[in-house]
Amino acid sequence: MNSTDDFRLGGKVFRSRFILGSGKFSHAMMRTVIENAGVELATVAVRRANAGGRENILEQVPENVALLPNTSGARTADEAVRIARLARELGCGDFVKVEVIADSRYLLPDNGETVKACEALVEEGFVVLPYMYPDLYAARALKAAGAAAIMPLGAPIGSNRGLLTRDFIRILIDEVDLPVIVDAGIGCPSQACEAMEMGCAAVMANTAIATAGDVALMARAFRAAIEAGRLAYRAGLGRTLAAGGEASSPLTGFLE
Amino acid sequence: MRVNGEETVLRNSATLLRFLQTQGFDPKAVAVERNGAIVARADFGTTELAADDVLEILRFVGGG
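Going line by line, the protein sequences match chains B and S.
Using numbering that gives the first Met the number 0, read the first sequence as starting at 0 and increasing by one per residue.
Using numbering that gives the first Met the number 0, read the second sequence as starting at 0 and increasing by one per residue.
Keep in mind that the hints were calculated from the coordinates and are not lab data.
Being a predicted model, the structure only gives us computed values, none of them experimental.
You can trust all of the hints, since none of them are fake.
For the chain B half of the interface with chain S, some residues (derived, Cβ under 7 Å), not all of them:
id: 1; residue: S21
id: 2; residue: G22
id: 3; residue: F24
id: 4; residue: T42
id: 5; residue: V43
id: 6; residue: A44
id: 7; residue: V45
id: 8; residue: R47
id: 9; residue: A50
id: 10; residue: N55
id: 11; residue: N69
id: 12; residue: S71
id: 13; residue: L85
id: 14; residue: E88
id: 15; residue: L89
If we take Cβ atoms under 7 Å as the criterion, some of the chain B residues that face chain S in the derived model are:
id: 16; residue: G20
id: 17; residue: R46
id: 18; residue: A48
id: 19; residue: G51
id: 20; residue: I56
id: 21; residue: N205
Note that the Cβ used here is the ideal one computed from N, Cα and C, for glycine as well.
Just chain B, same shape as in the assembly (with noise of 0.2 Å):
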């Protein structure tokens, strides 16, 4: 990738514009599938360690990846607050995923505990990256509170069904100064390859990469496809004709 084309987020920054989630990864797939997409970040969650356990997920994470706590579980934002300070504390920097879903059927984020969150996670210092369905006015909100960037879903978690909020998200990237993230339901590579060339800063996927057939092999073919779709929207896409249409090959020459 083009070194001027990279993508800062938290003061950080980072040549990949892929955010790999980890869920659904057996460990010992884990370092495959993040070395195949190429990805310089993945998202992990917290949970309750068992005793004797012996499996460290972070033994699978190359050092040159930084860490995305989410605070799944929290169906508030004071639970969210309690999940990403425990994240915090197991010291992997300062990025967090904020998802507050309170619906156990649709997975969708609440928008309004997602921002008092966020509110209250900037003011402790986090960088925040919410996750939230598109609504321009919680978009502004998450601004305003401080959020490194928003994290606008697809079509909910898990469902492959990809751009379902396409037309919303081009909102939230035409009107929001952040970098917009797209984040859940993206179920192929052809769809990260879409939101990137509408103007995404980056795309985030997991289901579509682990439920795959080769899990390795789509990792990449994601890689390659969020690249071309980055390289696509900094090319500018070409004009679409609204009506008829134009030859490719000269009108005389030959045959007229």
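Since chain B is already given, all that's left is putting chain S on it; use the hints.
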């Protein structure tokens, strides 16, 4: 004591560090909340547990 939601008996007085070690937790890989307050890792060795303590011992796992 209640540890990670389960009742357990604190037989002898112990520091949090000792408790973690004897229970097989890696003190460097966990964060601990004692009675709702985070205990800093530097204080594990000097925090004396009480019989009615409620502990939450957390670590990172895979998650999206």
